[in-house]
Amino acid sequence: MITVPLCPLDYGDVCVYLELDEKIDKSENPPAQIRDIAYEAIDRRYPSNLWTHTYADGSMIEQGTRAGAGIYRNHFAFYKAVGKDTTSFDSVVEAVFIALNQLSTQKRNFPQTAIISDRKAA
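Counted the way full-length UniProt numbering counts, the sequence shown spans residues 1 to 122.
Because the hints were derived from the structure by calculation, they are not lab data. All of these numbers come straight from a predicted model, not from anything done at the bench. Careful: at least some of the hints might be erroneous.
Unchecked claim - Pair ranges (Cβ atoms, derived):
| # | residue 1 | residue 2 | range |
| --- | --- | --- | --- |
| 1 | 108 | 23 | 35 to 43 Å |
| 2 | 105 | 23 | 33 to 41 Å |
| 3 | 111 | 79 | 36 to 44 Å |
| 4 | 25 | 84 | 19 to 27 Å |
| 5 | 80 | 27 | 27 to 35 Å |
| 6 | 28 | 81 | 14 to 22 Å |
| 7 | 77 | 31 | 34 to 42 Å |
| 8 | 101 | 51 | 17 to 25 Å |
Quick reminder that beta carbons are idealized off the backbone N, C-alpha and C, glycines included.
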């Protein structure tokens, strides 16, 4: 008998935040300062002593032809080639999907997990 897997979003509550705590003009702030502001916002919303932080990202491998997805968490990392004719958008979505699937198999160990990506598309 073939079983259809559940959508990872069906495993529990999902909250989405798309903005930092404050408006940032990238042209007026150095990258290190922007990064620090982002990490402060993450730590305020998801304190690391209560939440597992999982980072999902994607990137182009060859312009317009291939992309890869990556997931990083404290003790492990996953990387996957997304395929031919894919974009960085596709790879970020794939990275979030992989993270949700991996976390759903370990829900007891990680009851509160924040999946963090730098893309609104994800």
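For each hint, the structure was consulted:
1. 108 / 23: 35 to 43 Å: Since residue 108 and residue 23 have Cβ atoms about 39 Å apart, the given range 35 to 43 Å holds.
2. 105 / 23: 33 to 41 Å: 38 Å, holds
3. 111 / 79: 36 to 44 Å: Once the Cβ atoms are compared, 26 Å apart, the range 36 to 44 Å for residue 79 and residue 111 is violated.
4. 25 / 84: 19 to 27 Å: Violated - the Cβ-Cβ distance for residue 25 and residue 84, about 37 Å, lies outside 19 to 27 Å.
5. 80 / 27: 27 to 35 Å: 34 Å, holds
6. 28 / 81: 14 to 22 Å: 37 Å, violated
7. 77 / 31: 34 to 42 Å: 23 Å, violated
8. 101 / 51: 17 to 25 Å: 19 Å, holds
Figure legend: structure checked against the earlier numbered hints; hints not met, in rising order: 3, 4, 6, 7.
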